[in-house]
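Chain by chain, the residues:
There are 2 protein chains.
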Amino acid sequence: MITPWDVSEDVDYKKTMEKFGIRPFKDVLHKIEDPHYLMRRGVIFGHRDFENIIKSINEKKKFAVVSGMMPSGKMHFGHKMIVDQLIYYQRYNVKIYIPIADLEAYWARGMDFEKTKKLAIEEYITNYIALGLNLEDTDIYLQSKKDVVKDLSLKLAKRVNFSEMKGIYGFSGDTNIGHIFAPILQVADILHPQLEEKLPVLVPVGIDQDPHIRLTRDIAGRSKDFNFIPPSSTYHRFITGLLGGKMSSSKGDTAIFLSDKPSKSLKKKVMSCKTGGRETLEEQRKLGGIPEECVVYEFYVYHLIGDDKELKEIYNKCKSGELMCGACKKHCYEKIVEFLNDLSEKRESAREYAKEIVNNM
Amino acid sequence: MITPWDVSEDVDYKKTMEKFGIRPFKDVLHKIEDPHYLMRRGVIFGHRDFENIIKSINEKKKFAVVSGMMPSGKMHFGHKMIVDQLIYYQRYNVKIYIPIADLEAYWARGMDFEKTKKLAIEEYITNYIALGLNLEDTDIYLQSKKDVVKDLSLKLAKRVNFSEMKGIYGFSGDTNIGHIFAPILQVADILHPQLEEKLPVLVPVGIDQDPHIRLTRDIAGRSKDFNFIPPSSTYHRFITGLLGGKMSSSKGDTAIFLSDKPSKSLKKKVMSCKTGGRETLEEQRKLGGIPEECVVYEFYVYHLIGDDKELKEIYNKCKSGELMCGACKKHCYEKIVEFLNDLSEKRESAREYAKEIVNNM
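Sequence lines, in order, name chains A and B. Position in the first sequence (from 1) plus 788 gives the number in the working numbering. Position in the second sequence (from 1) plus 788 gives the number in the working numbering.
Take the hints with a grain of salt, since some may be wrong.
Remember, identical chains collapse to one label, so a pair may be satisfied in a single copy or spanning two.
Simulated crosslink set (DSS-like; lysine-lysine; CA at most 30 Å straight-line) [claimed, not checked]:
hint	residue 1	residue 2
1	Lys-1049	Lys-862
2	Lys-862	Lys-943
3	Lys-938	Lys-1055
4	Lys-933	Lys-1052
5	Lys-1012	Lys-906
6	Lys-903	Lys-986
7	Lys-1034	Lys-1012
8	Lys-938	Lys-883
9	Lys-1052	Lys-938
10	Lys-1105	Lys-1062
11	Lys-1034	Lys-1062
12	Lys-1012	Lys-1105
13	Lys-1012	Lys-905
14	Lys-883	Lys-1057
15	Lys-938	Lys-1143
Since the hints were derived computationally from the structure, they do not count as laboratory data.
Make the full structure from the sequences, and use the hints.
Written as structure tokens, this is what we have:
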């Protein structure tokens, strides 16, 4: 599945890519001088028009990255990937935009504005800062307070009809008008940086967000009067849940949250996660483990081990039958504890700054 | 049909009133100390909750009137009625709001914003001022520029679903999302004055606008968090076109425009309009005319003769066979010329002020 030296693809991802014209990231990888490990390792596996961004990077020209957040529940490791990418892009000449989708949360989930704001501050922005994102030059905003985005969305709303929205999002007669409008507000989030300055915009997302990207590119194409550059996008794989399925905020057993404290129960969660181990220790010594099917190994690949050499060593030790799952999980837990302790400390100083940012909006 | 002393009803109007719970205006007429002639004469024939406005008037308390305009083509006498009503309410403690529906014109008719603005200034606002409306304390605004209204509409959009909008407005899959959103923006136009100050709001409209009023009252009722007073409304009859059908901007023969110049062709238009005359002069001398079916008489009632005594005299002379249609039409034309000349002169000084108002928005 995923190794640090071989970019392979799942069949499902491949199908989606072919159907919707998403192109393999590995085809452009060699053009990037210093790719992020998520790129090198194929976690970021697809793109649209990423060449535009590479061109800006290589010519040291400015580009924009838009990455929205819809605060709902606690942040887990799956959410961290997007922040890692934003941090990576900050080494270049980039302007980052982070819309907080409080209007969408209101329309689609009935969340009131104050609650969304509180969650954005305490959970999301605090963690973004603690993870290392520099918010100084970042335009982080509440949708409900951003007039330029709201105004753009009202104009763009003319350029798409109900059938199209129904086709993309499955809206029905029961859907409230705000909810129907929400994707257009998101389109405006993505396109509005170009109102100020005509520059390429990148939207790094999970594959489930591609309908938004397609809608945005369609609307951009229809809006000759604005002369938009259709946004570029990258697609990253989803992290596997601890038990093998999806990592989900609403199922505590499947996820490790960024605010989890080192504890017996956390250790138990890690120690009982799905691995690529064999039925018996003896068999594993003989045949080796299967890191390609191992949640622990995926944690190393996605989050815990930035160094390719170190990662390859673990891979080899597993494959050769030298490393047993028990020891490996313990090692993983230790790395997680180290990470969480460090993050927790950084959150302490981040919290006030996060509050300040949102209260100044 | 319509006489200055007897408030009768058309069957169609009556049906609509019964179906949708609009109440007869004549039932509240006696509570108004100094009613407008359009009220006295039954041109304003129905209402919802007008008692709230009467209460404010009699207690000298403040109320609001909201009356939107969607500039499209030239203003004719049919459009004048609403301005007459606004002028009437200015004798009381009123705050008038006039939204210019440039967003709706964009969504529903593809009119660009600059064109709508130009038409609003040159045709509508200039005529409003020339007709005698005082815009000093009036909040006249472009929808596209009014943040408080846009923000309110985005919130209210959660409170109505697509089926309801489809049921009221007949929207289909082809309808663009802006157009679907437009009525909610209008709801926000009507309700937003209450965000500042909790006061009764009146919306004087033609009966065709009642679906908007019902939607507004429904949404107000669902928005307990805002504690809105459901808006009051009045309903006026449509003026009949010169040829007997609808008065329409797009059919020049049916309408007299406020910018029409006295001319042979205008005279011809008036002289050939539909009257309540008999087949022959002889017959008319014997039986009298039928003012109830006469467009000329309607012009007197709606626009040209404010004094009830003068109007009654004409009515009687017609009924008795003393007044023939030719002379009556000539008299009507003279009154129209007088009116148009006066208005044209007033427009000269109004034009600059109108421009100033909109450019300061």
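Hint by hint, which ones does the structure fall short of?
-> 3, 4, 7, 9, 12 and 14
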